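Student: Residue numbers (my numbering), protein chains in the order written: chain A, 178 to 516; chain B, 10 to 382; chain C, 6 to 320.
In case anyone wonders, no lab produced these hints; they're calculated from the structure. Nothing here was measured: the structure is a model prediction, and the numbers come from that model. Even glycine gets a Cβ: it sits at the ideal position worked out from N, Cα and C. Heads up, some of the hints might be wrong.
[Claimed, not checked] Okay, derived cross-link-like pairs now, DSS-like style, lysine-lysine, Cα gap no bigger than 27 angstroms in a straight line:
1. B:K97 with C:K46
2. A:K452 with B:K236
3. B:K300 with A:K422
[Unchecked claim] Every beta carbon over 12 angstroms from chain B, so not counted as near; a handful from chain A, in silico:
4. R244
5. M313
6. R491
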Amino acid sequence: MENREPLLHVEHLCKRFPVESGVFGRGAKRYVHAVDDISFDIYPGETFGLVGESGCGKSTTGRCIMRLIEPTSGTVIFDGQDVSQLKGKDLKKMRHDMQYIFQDPYASLNPRMTIGEIVSEPLVIHGEMTDKAERMDHVRHLLDIVGLNPEHINRYPHEFSGGQRQRVGIARAFALRPKLIICDEPVSALDVSIQAQVLNLLKDLQAEFGTAYLFIAHDLSVVQHISDRVAVMYLGNLMEYSDWKTLYDEPHHPYTQSLLSAVPVPDPDVQHSRKRIILPGDPPSPIDPPSGCRFHTRCPIAQKQCSETKPELREVCPGHFCACHCAAVNPIKETSIEL
Amino acid sequence: MGLFGKKKRALDPADDLKNQPVPEGSHLLEVDDLKMYFHTQDGVVKAVDGVSYTLDRGETLGVVGESGSGKSVTHMTIMGLIDMPPGKIEGGDIRYRGHSLLEMTEEQMQHIRGNDIAMIFQDPMTSLNPVYTIGRQLGEGLRLHRGYSKEQALQRAVELLDMVGIPNPEQRVKDYPHQFSGGMRQRVMIAMALACDPDILIADEPTTALDVTIQAQIIELMQEMQKKNGNAIVMITHDLGVVADVADKIMVMYAGHPVEFGTAEEIFYNPVHPYTWGLIRSIPKPAGDEKESLTPIEGNPPSLVNLPAGCPFSPRCPYATDRCRTEMPELYVTETGHYSRCHFSGDAAFVAKNAPANSRSAAPANAEEGGEA
Amino acid sequence: MTDKNTKLDQQAEVVEADSEQVEASKPSRTLWSDAWNRLRKNKLALIGAAWIIFVIVVAVTADLWAPQLLGSPTEIDSATVAANSKLPPSLEHPFGTDATGRDQLVRVIYGARISLAVGVVATLISTAIGLVMGGIAAYYGGIWDTIIMRLADMFLAIPYTLFVIVMLAVIGQGIQNVFIAIGILGWPSIARVFRSAILSVKENDYVDAARAMGASDLRIIARHIFPNSVASIVVYATMNIGGAILTESALSFLGMGVTPPTPSWGIMIQDGQKFLQTEPWLMILPGLAILTTVLAFTLLGDGLRDALDVKMKDA
Chain A
178 MENREPLLHV EHLCKRFPVE SGVFGRGAKR YVHAVDDISF DIYPGETFGL
228 VGESGCGKST TGRCIMRLIE PTSGTVIFDG QDVSQLKGKD LKKMRHDMQY
278 IFQDPYASLN PRMTIGEIVS EPLVIHGEMT DKAERMDHVR HLLDIVGLNP
328 EHINRYPHEF SGGQRQRVGI ARAFALRPKL IICDEPVSAL DVSIQAQVLN
378 LLKDLQAEFG TAYLFIAHDL SVVQHISDRV AVMYLGNLME YSDWKTLYDE
428 PHHPYTQSLL SAVPVPDPDV QHSRKRIILP GDPPSPIDPP SGCRFHTRCP
478 IAQKQCSETK PELREVCPGH FCACHCAAVN PIKETSIEL
Chain B
10 MGLFGKKKRA LDPADDLKNQ PVPEGSHLLE VDDLKMYFHT QDGVVKAVDG
60 VSYTLDRGET LGVVGESGSG KSVTHMTIMG LIDMPPGKIE GGDIRYRGHS
110 LLEMTEEQMQ HIRGNDIAMI FQDPMTSLNP VYTIGRQLGE GLRLHRGYSK
160 EQALQRAVEL LDMVGIPNPE QRVKDYPHQF SGGMRQRVMI AMALACDPDI
210 LIADEPTTAL DVTIQAQIIE LMQEMQKKNG NAIVMITHDL GVVADVADKI
260 MVMYAGHPVE FGTAEEIFYN PVHPYTWGLI RSIPKPAGDE KESLTPIEGN
310 PPSLVNLPAG CPFSPRCPYA TDRCRTEMPE LYVTETGHYS RCHFSGDAAF
360 VAKNAPANSR SAAPANAEEG GEA
Chain C
6 MTDKNTKLDQ QAEVVEADSE QVEASKPSRT LWSDAWNRLR KNKLALIGAA
56 WIIFVIVVAV TADLWAPQLL GSPTEIDSAT VAANSKLPPS LEHPFGTDAT
106 GRDQLVRVIY GARISLAVGV VATLISTAIG LVMGGIAAYY GGIWDTIIMR
156 LADMFLAIPY TLFVIVMLAV IGQGIQNVFI AIGILGWPSI ARVFRSAILS
206 VKENDYVDAA RAMGASDLRI IARHIFPNSV ASIVVYATMN IGGAILTESA
256 LSFLGMGVTP PTPSWGIMIQ DGQKFLQTEP WLMILPGLAI LTTVLAFTLL
306 GDGLRDALDV KMKDA
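Only chain A is shown next, with the shape it has when bound in the complex (with noise of 0.2 angstroms):
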């Protein structure tokens, strides 16, 4: 995988956020890190999970991606070109080719709007299938694929049931064939049964078109199902990633390891003989973000440098990259912390 030309390379990426401070905004300007220095590849056809708790940034790096907002500093290259320089004709040129999920199936979808018109939406905005019966035939045959009834084209999103309206968001995301979709937890809405059936439309529309997705959501076993690798992200950094079952079985950072510790496992015989790290206390704020290691404030293994020094990420395995000062010389699970 790593021998081929990555379809999307971001490299040291970085977002801020100014917020107001003082009465009179006066004095130093603050800034929200949300994003802060990452950096990562994405190959044709795979699935790379972006996975994080709430205000860990991996919304905003989708969008600063997409050029929705814009990023700060950082280079993020989209097929060969880059992507924070385009203008005009050139980026509408890169939206033809990247494609965005939203999580909320009721937000995303304009109301005065019918599900035809949606779905057509890019194809009008990039002048594809100028020919009306062209396009709403082509506009069918996305419906049926993602497991609509082609009948439904002049009905209204509120019509439509919350599994259903993602359905209508996947449509238009595929309707020009991009290369990538970034999808911003497109599950996390949705109910169980109804979640498990858009994960299967998402692999099997993958298996089809060969588009690749950067696929972000704060639940860990459903970016870990879906996911070809998986990145880790807190307070703004990239902590941890490498393919999901290395992730999964041997992982070596401790904010890792305690969010793998703390995801709820639908059996209650694992759930009660498994060991938990439970981490004291909340994240702190993005506006004044811990120095050093982002972690260590919540780290059961910190040391002294921790606080001191930002860790890098290293490849410590062939594909797998960590950064932590302590995770290789002392992985949590051999420290058996109790807590």
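Given chain A, work out where chains B and C should sit, using these hints.
Tutor: Then chains B and C, alone, in the frame of chain A:
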């Protein structure tokens, strides 16, 4: 002495139901064939249709279901929090220590709520009143139900905050809700619910709005409090993982009906209802060696106004027969009290053939699958 | 999710979505037909709408029948002034006659023309300015937002009627100037409503979705933002018509609006107030005309707000 409006007389401890013994042959909480319908413009919504269960002190009941399955409405009904109309109880009974809650006056219910049965909600952000300090809100129930003075209530509020693991409680009681994080607020909600030492704590998706590391903290806290106080917990959730963690008994609900009820052991390792199977198969398993593909339940939940004939799950059930589509199944009950509402639950061959792989009643070929953490 | 209402809404939502799936053959309902269905159930709004339609029909067709039946609304017949002055309501003169012997009903009917014209035209002017200003402020934000909204604040800080009077004193009296004065001074509220509507619509993911597809600004405004924020303007403008009618009446009452002998409700009240002790109908009846018409616009506006609120079904 109440914060709002008229002065309330504190309850004489002898009258407090909590301090009376549970009558012989009855349970702490008995829900018996409860039916709660909403009469709306579009028709009758059968939100809760025939829910039955029993609960004793120290037990945890997990109630699992999708949105609209009636799992929340059932417990809002128990708390007497449903507006009637449009709601109407169409049958059944709810007994707390042998006393019917449905026959109680609103004033009696006010003594029950918070004092005997307390509830915590999903969203800790909107469950606290932003204009009062945490200490004042924590003390409110105590002043109402126990007749505590302002100073006593504040003193107890400090203890409660300390108990739920909030650092520096003497200072924090003076803070307002916005000064707390989401996880901290849920701790405050738990402290508030436990303030009067209730018999039953109903938790409606208490961790859904929280991050997974915070969720683990809150679940652990609830279990710890239960160990200490001996109260019963009803944990309403859509997350089978959470119930696997905490529940002794589990009720699975679908379209207003309890479709299966049993011990956690029974529901996870010996489920007999196809909907329970569907739920178990829908959840991504923490990875084994190979990724198992998910088997979702096809289709969408039915309209509660226009329920399908026969078994409400029949349109989505892969095993449905003509009988399922015309005839509402009777409850199939085993001697352990494990019940299921399916025509075929009693058919051991059918269950062994179709139950999910981790089921112990499934065919031996696909028994015991991995899942190591 | 904390209160039971949200729970029930959720429940109702599921019910709604699924009753649709059951009846797949049912023709699709558009949002506007849905809105109409909801409006139809609102009795008060329907009464308001019926009254408005009645007043409009009467006012528009007045030339065809009113003078023949009731006499001229403006001309004073010097021969019969004394005999016809201040007659109480009767079959011949249902609203009585004024001090100069003119029929009151015909004057109220012609007064409706003025009032409705002022209401509608002034509101159109306010809305046009308000939409542009609010739209620029919301969509482009930053310095434009600051300038426009501070300007709006300034307009709103000055007593409205007083401002209109000053303006009329500068540009002169007359019906067109009343249109202009009321119209121009009405924009800040419309701009504010439109701006906040756009800002809340802009938050929706479908706007981001359109951007992610590569849609142009113009397309986003025209296809996504405008159709979803226009409902609040329809509601506000409807209510604004009532307000403009009131302002016109007040101006005419103060002698700054339409000039006699053109009949206007405000002028009639001004004429009638002298006789409030002795012939109260001279003031009360035109007053009722204002009251009912303004109330009708308010009721209709309220009904529209409930009917057009997509969030009621959608959020």
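Student: Tell me, in ascending order, the numbers of any earlier hints that this structure violates.
Tutor: Of the numbered hints given earlier, the structure breaks none, since each of them holds.
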